[in-house]
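Starting from the given sequences, assemble the full structure and let the hints guide the process.
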Amino acid sequence: GESGSGKSSILRLLYRFYDVESGTITIDGQDIRNVQMDSVRKHIGVIPQDTILFNDSLFYNIAYGDLTASKEKVMEAAKAAQITAAVEKMPEGWNTRVGERGLKLSGGEKQRVAIARAMLKNPPILFCDEATSSLDSQTEEDVVHNLNKLAVNRTTVVIAHRLSTVTDADKIFVIGSGNILEEGNHASLLRKKGHYHKLWTQQTKNNNKE
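Here the working numbering = 1-based position in the sequence shown + 34.
Some hints could be false.
[To be verified] With a straight-line Cα cutoff of 27 angstroms, these simulated DSS-like cross-link-like pairs (lysine-lysine) come out:
hint	residue 1	residue 2
1	113	138
2	205	76
3	105	239
4	226	205
5	227	205
6	155	76
7	155	105
8	123	41
9	41	183
10	113	155
11	76	41
12	183	76
13	105	183
14	232	155
15	76	107
16	123	76
17	138	155
18	105	123
19	183	107
20	232	41
21	138	107
22	41	226
23	123	107
24	227	239
25	205	232
26	205	183
27	138	239
28	123	113
[Said to hold, decoys possible] Computed Cβ-Cβ distance ranges for the label pairs, DEER-style:
hint	residue 1	residue 2	range
29	198	43	28 to 36 angstroms
30	158	138	27 to 35 angstroms
31	212	135	34 to 42 angstroms
32	227	140	36 to 44 angstroms
33	104	70	22 to 30 angstroms
34	69	237	35 to 43 angstroms
35	138	51	49 to 57 angstroms
36	171	65	39 to 47 angstroms
No wet-lab data here; the hints were simulated from the structure. Computed from a predicted structure; not experimentally measured. Using N, Cα and C, we set each Cβ at its ideal position, and we do this for glycine too.
Set out below in structure tokens:
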């Protein structure tokens, strides 16, 4: 769906930033309102649009995904998120301080920190909210490949405006004005020649112009 259609609101409900006023949200048949919030969030990893950075080292900011993880595991997650090369060029490498009082990271670098955190946490449920929107096309392709590997054997919800990130999804829901307009996989939605087909055609034309 397009910006303002309600995509991110769904994620906030699933993560229990607030609860639904009517109806229910269930995970494995259990109403999430009947489960302790910490328990729900423990089993969910989120790659948000706006990553919060702590005023600490870059290593800590990635390790925050799982503070019990070994250094090797943190490095593996960073490599999978395509951020290792950028870190090694920084003044103090992994010890480079970021956040309000530290080095300012680009939007793409912040997004890769969030992806590395989620990969390190290795949760059974993964939410990706425009997870590659700040990445260039080549980095996006590499990161999406790694996210697809991470998604194996886990529930993965991808919120996207850039449709190239969801072409391999088992099911796609097209959202508009808070409603589900269409659902299906990439091929079936293109055959319908509806909202999804229109968005796909527009984005393909724009990409070709670039």
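Checked hints:
1. 113 to 138: With a Cα-Cα distance of about 20 angstroms, the restraint between residue 113 and residue 138 holds, given a limit of 27 angstroms.
2. 205 to 76: Satisfied, since the Cα-Cα distance of roughly 25 angstroms is no more than 27 angstroms.
3. 105 to 239: This hinted pair is violated, its Cα atoms lying about 44 angstroms apart.
4. 226 to 205: holds, 15 angstroms
5. 227 to 205: holds, 17 angstroms
6. 155 to 76: holds, 9 angstroms
7. 155 to 105: Given that 27 angstroms is the threshold and the Cα spacing comes to 13 angstroms, the pair holds.
8. 123 to 41: violated, 36 angstroms
9. 41 to 183: holds, 23 angstroms
10. 113 to 155: holds, 15 angstroms
11. 76 to 41: Distance ~22 angstroms between residue 76 and residue 41 Cα, so the pair holds.
12. 183 to 76: Distance ~21 angstroms between residue 183 and residue 76 Cα, so the pair holds.
13. 105 to 183: Judged against 27 angstroms, a Cα distance of about 21 angstroms means the pair holds.
14. 232 to 155: Judged against 27 angstroms, a Cα distance of about 36 angstroms means the pair is violated.
15. 76 to 107: OK: residue 76 and residue 107 at ~19 angstroms, within 27 angstroms.
16. 123 to 76: violated, 33 angstroms
17. 138 to 155: holds, 24 angstroms
18. 105 to 123: Within the cut-off at roughly 19 angstroms; holds.
19. 183 to 107: Holds - the C-alpha atoms of residue 107 and residue 183 are around 16 angstroms apart, at most 27 angstroms.
20. 232 to 41: Distance of about 18 angstroms is within 27 angstroms: holds.
21. 138 to 107: holds, 25 angstroms
22. 41 to 226: holds, 21 angstroms
23. 123 to 107: Answer holds: residue 123 to residue 107 is near 21 angstroms, not above 27 angstroms.
24. 227 to 239: Holds, at roughly 16 angstroms.
25. 205 to 232: Judged against 27 angstroms, a Cα distance of about 18 angstroms means the pair holds.
26. 205 to 183: With Cα atoms ~17 angstroms apart, residue 205 and residue 183 stay inside 27 angstroms; holds.
27. 138 to 239: At roughly 34 angstroms apart (the allowed maximum being 27 angstroms), residue 239 and residue 138 break the hint.
28. 123 to 113: Between residue 123 and residue 113 the Cα gap is close to 14 angstroms, so the pair holds against 27 angstroms.
29. 198 to 43: 28 to 36 angstroms: violated, 23 angstroms
30. 158 to 138: 27 to 35 angstroms: holds, 34 angstroms
31. 212 to 135: 34 to 42 angstroms: holds, 40 angstroms
32. 227 to 140: 36 to 44 angstroms: holds, 38 angstroms
33. 104 to 70: 22 to 30 angstroms: Since residue 104 and residue 70 have Cβ atoms about 28 angstroms apart, the given range 22 to 30 angstroms holds.
34. 69 to 237: 35 to 43 angstroms: holds, 38 angstroms
35. 138 to 51: 49 to 57 angstroms: Since the Cβ atoms of residue 138 and residue 51 sit about 27 angstroms apart, the hinted range of 49 to 57 angstroms is violated.
36. 171 to 65: 39 to 47 angstroms: holds, 41 angstroms
In summary, the structure is inconsistent with hints 3, 8, 14, 16, 27, 29 and 35 from the numbered list given earlier, while agreeing with the others.
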